[in-house]
Amino acid sequence: MSFIYVNGHFHPGHEAVIPAPDRGFLLGLAVFETMRAYQGRVFLLDRHMARIAAALDHLRITPPEGIDGLRRAVEECVRRNGGGDGVVRLTVSPGPAPDERRPAPEPTRVVFFGPLDVPRPDVYESGVSTLTAPHPSRASRPSAGMKAASYMDLFLIRERARAEGAYEVILFDDERRVVEGCATNVFTVKDGVLRTPPPARGGLAGVTRAYLIERAQALGVEVEESDIREADLEAADEIFVSNSVVELIHVAFMTDLNFIKNKTPEMTRRLRDDYRAAATA
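For the sequence shown, the working numbering assigns the number 2 to the initial residue and increments by one for each residue that follows.
Hints are not guaranteed to be accurate.
Said to hold, decoys possible - Straight-line distance between alpha carbons at most 25 Å, and here's what the computed SDA-like set of lysine to any residue pairs gives:
| hint | residue 1 | residue 2 |
| --- | --- | --- |
| 1 | 148 | 191 |
| 2 | 191 | 160 |
| 3 | 148 | 55 |
| 4 | 148 | 160 |
| 5 | 148 | 69 |
| 6 | 148 | 90 |
| 7 | 262 | 165 |
| 8 | 262 | 72 |
| 9 | 148 | 202 |
| 10 | 148 | 104 |
| 11 | 148 | 76 |
| 12 | 191 | 76 |
| 13 | 148 | 262 |
| 14 | 148 | 33 |
To be verified - Quick list of simulated restraints, FRET-style, between CB atoms:
| hint | residue 1 | residue 2 | range |
| --- | --- | --- | --- |
| 15 | 157 | 201 | 36 to 44 Å |
| 16 | 27 | 219 | 29 to 37 Å |
| 17 | 122 | 28 | 17 to 25 Å |
Read the hints as simulated data drawn from the structure, not as lab findings. Keep in mind that this is a model prediction, so the values were computed, not measured. Quick reminder that beta carbons are idealized off the backbone N, C-alpha and C, glycines included.
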């Protein structure tokens, strides 16, 4: 039996509910963090909690249990569900209100733990295929920089790509600069230099993205946050995408751009091995 945390209490999964007028449900007015647990421990939990704390402060949402209480709820949710490996999601909305202009009695807080849905080990070795699409720009939106629950645009783009057999979609802005993937950050490797688009382009500054930059630098790799264009993707020795669940996985084919990356992804493998060593330590 699974257990889900809702507003200060754990419930059996089939009994966990939120009010129908909740504004996260009605309006997509919510923020969340998706995290990965290794052997019962959530990796980079401090960083995830810092990001959602900043978002809640921006939205003027104050959870009754505080950020420390939400952290404990995440850890307890993993424990109550047997620990081990899995995915944890923490979602917070302003809560239900009869009138969206009036504050709710208290925000809605939900934590649940589920099984991993990641590529098979052989796919990590062989790589994945991607398509490209225009980015539904978030750079100028008030929610820029937050992991907001309103993911419909990106979800629909990715679902269309999945129907065509692609794993991910690399998104470009109006000037054909790489912004991010639908659910990932994008990196290239060229002549030993690791590059990733700056968050100012409108992509989410992922927790895993920041960690990989720090670890790459610690390993002596030169890192640049700079614009990546189509020609840079074609010229790259390696391309990989990252997030907290999939870790990092290299792009072997860019289907609609007719790019095939046959070179052994040495940097990708090195960074992934380093990441997994830390996550499972």
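Which earlier hints turn out false for this structure, listed by number in ascending order?
-> 1, 2, 8, 12, 13, 15, 16 and 17
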